[in-house]
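Engineer: As they're listed, the protein sequences go chains A and B.
Following the working numbering, the residues of the first sequence are numbered contiguously, the last one being 128.
Following the working numbering, the residues of the second sequence are numbered contiguously, the last one being 276.
Derived from the structure by calculation, the hints contain no laboratory data.
Take every hint as true, because none was put in to throw you off.
Where chain B lies over chain A, by a calculated footprint (3+ residues, C-beta under 8 Å):
id : stretch
1  : 60 to 73
2  : 113 to 121
Result set (DMTMM-like, lysine to aspartate or glutamate): computed pairs, CA atoms no more than 25 Å apart in a straight line:
id : chain 1 : residue 1 : chain 2 : residue 2
3  : B       : Lys191    : A       : Asp73
4  : B       : Lys235    : A       : Asp73
5  : B       : Lys221    : B       : Asp248
6  : A       : Lys23     : B       : Asp248
7  : A       : Lys71     : B       : Glu170
8  : A       : Lys23     : A       : Glu86
9  : B       : Lys268    : A       : Asp73
10 : B       : Lys268    : A       : Asp52
Below, a sample of chain A positions facing chain B; criterion: calculated Cβ distance under 7 Å:
id : residue
11 : Gln55
12 : Gly56
13 : Leu57
Heads up, the beta-carbon is just placed ideally off N, CA and C, and yes, glycines get one too.
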Amino acid sequence: DGGITQSPKYLFRKEGQNVTLSCEQNLNHDAMYWYRQDPGQGLRLIYYSQIVNDFQKGDIAEGYSVSREKKESFPLTVTSAQKNPTAFYLCASNGKTTPNYGYTFGSGTRLTVV
Amino acid sequence: SQQGEEDPQALSIQEGENATMNCSYKTSINNLQWYRQNSGRGLVHLILIRSNEREKHSGRLRVTLDTSKKSSSLLITASRAADTASYFCASPNQAGTALIFGKGTTLSVSS
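Same shape as in the complex, but just chain A (with noise of 0.2 Å):
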């Protein structure tokens, strides 16, 4: 079946540290999203990417880092500079490289801080 898998479902992070979300499509499609949610908040942009190696900025990129080497992949990073990461994190992919279509989403990555 095609689709969008995030890993992994729960992720810890200590204070400092680094901490990768993995995004990997088999649908073929040209662009992705990374998109963070709060409790009681719409999704927020982060980053987003229409073309392999290349991505853009969102409107909440700092903190955060991104790749993208392969058309199916686009690894999320949270880095040390991200003073409240907690939250929960949406991948999502279109199959054009303009939001005229539905998207699909991944079913997420919760992120704790301890």
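Once you have looked at the hints, place chain B on chain A.
Structural biologist: Just chain B now, kept in the frame of chain A:
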């Protein structure tokens, strides 16, 4: 930045009743989309309405779009307990590169 804002924030109804959620947005758009999110899960795309459309149906879902008022509504008819979820509207950002989501409406359907 958030393009869309849903209203109400929370809605509780009985099974069989209709549920209406509204979304207002700020800038001109070429499409507006609605998504559902079950607790602790990812979002699922429900329906997309383009700026030249006024109404669209999909099963028990009916979406309207009023570009003059910059608003949209999602109607779920004959609600079921399984419709309990959060519902988000989303529209393209000003650059046309990604979707911007509202804060959502939490719908609770009791049997």
